[in-house]
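**Student:** The primary structure of each chain is shown beneath.
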Amino acid sequence: MHGTERFTAAVHQWLLGMFSPGAAHIAEMVLTGLAYLAFFAVAGLALVYLERRIAAFFQVRLGPNRVGPFGLLQTVADALKLVAKEPIGTKKADHFLYSLAPYFLIISSLMAISVIPMGAGFSAFDIDVGVFFLIAVSSVGVLGILIAGWGSYNKYSLIGALRSGAQMISYELSVGLSLLTMILLVGSLRFSDVVQAQSDYWLIFKGHIPAFIAFVIFIISGTAESNRTPFDLVEAESELGAGFHSEYSGIQFAFFFLSEFINMFIISAVAATVFLGGWMPFHIGDLEGFNHIMDYIPGPVWFFIKTGFIIFLMMWFRWTFPRLRIDQLMKLEWKYLLPLNLLNILLMAFFVWKGWYL
Amino acid sequence: MRTGTLFDPIEQDLHTDEYKINMGPQHPATHGVLRLILTIDGEVIKNVEPDLGYIHRSIEKICERDNYRQIVHLTDRMDYLSSHINNEAVCLLIENALEIEVSDRVKVIRTILDELTRISSHLLWWGVMGMDVGALTTFMYGFREREMINDIFENTCGARLTMNYNVPGGLMWDIYSGFVRDTKAFLKHFKPKLKEYNDLLTDNIIFRKRTEGIGVLSKESAIAYGVTGPTMRGSGVSCDIRKLFPYSAYDRVEFEEIFMQGGDTFDRYLVRMKEMEQSIHIIEQLIDNIPEGETLEKTRAVIKLPKGEFYQRVETARGELGVYVISDGKKSPYRMKFRSPGFSNLSVINEIAVGHKIGDFVAIISTLDLVIPDIDR
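Heads up: the protein sequence lines correspond to chains A and B, in order.
So the first sequence is residues 47 to 404, counted in this note's numbering.
So the second sequence is residues 990 to 1366, counted in this note's numbering.
Source of the hints: derived by calculation from the structure; they are not laboratory data.
Honestly, I wouldn't trust all of these hints.
[What the hints assert, rightly or not] 25 Å max Cα-Cα, derived DMTMM-like pairs, lysine to aspartate or glutamate: (1) K1009(B) to E283(A); (2) K252(A) to D373(A); (3) K1009(B) to D140(A); (4) K377(A) to E1136(B); (5) K1346(B) to E132(A); (6) K377(A) to E1201(B); (7) K201(A) to D1030(B); (8) K1009(B) to E1340(B); (9) K201(A) to D124(A); (10) K1319(B) to E1038(B); (11) K1009(B) to D341(A); (12) K381(A) to E1201(B); (13) K138(A) to D1055(B); (14) K201(A) to E1209(B); (15) K201(A) to D1006(B); (16) K1293(B) to D1277(B); (17) K381(A) to D1171(B); (18) K138(A) to D1171(B); (19) K381(A) to E1032(B); (20) K138(A) to E1049(B); (21) K138(A) to E1201(B); (22) K1009(B) to E1038(B); (23) K1320(B) to E1298(B); (24) K201(A) to E1038(B); (25) K201(A) to D1055(B); (26) K1198(B) to E283(A); (27) K1326(B) to E1283(B); (28) K377(A) to D1192(B); (29) K1035(B) to E218(A); (30) K1177(B) to E1136(B); (31) K377(A) to E1038(B); (32) K1035(B) to D174(A); (33) K1198(B) to D140(A); (34) K201(A) to E1049(B); (35) K1184(B) to D1163(B); (36) K1263(B) to E1209(B); (37) K1346(B) to D246(A); (38) K1287(B) to E1007(B).
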């Protein structure tokens, strides 16, 4: 039994000892919800800090380094400022939709994060359609963006929102299909099975050629899903001001901002889980000694190292590449990524059928 | 149920219309208070109408009030990125009108600073160009090198942007002792950086796809609209004042006038990138042999130009700056007119931007390299 599983089991036992089974169950759910909310906030702030430091690293400057040790509290200070700020909206906005929009994004990313196992048995749900659930739930976010763009009565917002609608619906396909390629290899949509299948080799090594193609496609379309450069047409600072959230301020803006970073975390976490072994430690074939040492590093640490690597990759893209144009974006998806993806699935199916995997 | 082939457009069901958006006066892409009224069909631009005047300060009118020494200082505030070259234009005009022959030392120092100004201006443009197409890092890289030039300027005359180092009759004072050393240090630092710029942006596939074949400015319309500077040379028309009407020390240095034939956004980009190389080349020829001599010729305390009309043109980082003066013999001009490169370059926008998407439009206005105070004056 892994460390994280022992921890959750201990909490479970402790709650059962204190309450009746029904009450304990409810208390567990509340605790899990609170834990995820706390994680959401902390991860969001940490990612913003990380982004700013990494951006500074790429841009030959220092980044935030004054508030707290290494500027760690800078994002906390910024978040407090945003919370305290007066929300300023447009007069003619559709106020119901305008206020509703941020919650779509927040809720969709919160729900998506709940199925990702961060360690053995360390996820809110471990349902048997986990991967499907994640794709389904994360596509709700686009509704929030569309509503925000429509509701704020601003042409720039509207252009941004419509771009986003086109972009996210298109790239959803690639995300789904590239994950499906890997599911062929695993044979289960449950995230814990996906991770368990990688106890000997990570899937990216196990499925070699098609798996690697799927990984590249997933990273590209995942970057597009989370609306980051080179696919940040939704915001397109130099074209649309701030795109769909031009008219938001204060805490509502913070919601959009946080959910963008959480989406990046989710994409990275899924990439780490499906392709890079999730919380499984890194093993090399028969090197017993090496594998044994690797086993000492706890699962969640592995998970966050791998996720962090993908996050760094995505930040690297952001601070290096220019932005695509909307028609190039569509062309990339429908003319290149989608056909390639479909061929790749066939290839993977063939490999699985022939047993040509590790 | 609807019948028809796959390629029949669906009509009447969905009523679409053109709409107008205001780009500016506060917009990240217009780099100043320029207002562009775009008529848009979806994302495609149908018409562009520039609306000027948000930063009009009546510089030409103020010139009629001020004396000639004061006018030099006003020109800083037009194209603030080429402030040294602007100052030089007025100084040259006054010197020519009064038939003052400045020493070789002045000419060479002016030329070196001109080229440093050009590099500094192009660096800022390069950073902003990258930012406009979405690569935010270029901005910081451009500013890193620009900082060194600004330091040289600051040590030379105390100002980093609005220089006012040129005065009628020469330079305000001599260059500082470390000028040659600092300039050489900058050149040594800067040369490898140009390659870095090309690696980062020029050779980037996304950047190429975004700029090649976009916003094509034909030779004919470039001439018809009076476009000048790198924007015109991108279309393959020779218009470099430094070559055609040499002033200061440009007649004694050898450099190439950069041409591109395509006239698209990428060509205009390349012209500026290569001009920076040529600027380095010019400075290298001059920096080691700055002749000795007077830095300031004696002029009268109150300068009065003889009666008549005078015109002087110089090549700023943006194109041809013309200074036209009608003098009635008094201490201020009767009429003063600046032919600013930005105004003519902006006028071509409707010609080249129509039919492109908003994203490309931003890249196009970026390669016109507009400085709004230069357009409005």
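**Student:** Let me make sure I understand: some of the numbered hints might not hold for this structure. Which ones are they, in numerical order?
**Tutor:** Violated hints: 2, 4, 5, 9, 10, 11, 13, 14, 16, 17, 18, 20, 21, 25, 27, 29, 31, 32, 33, 34, 35, 37 and 38; rest satisfied.
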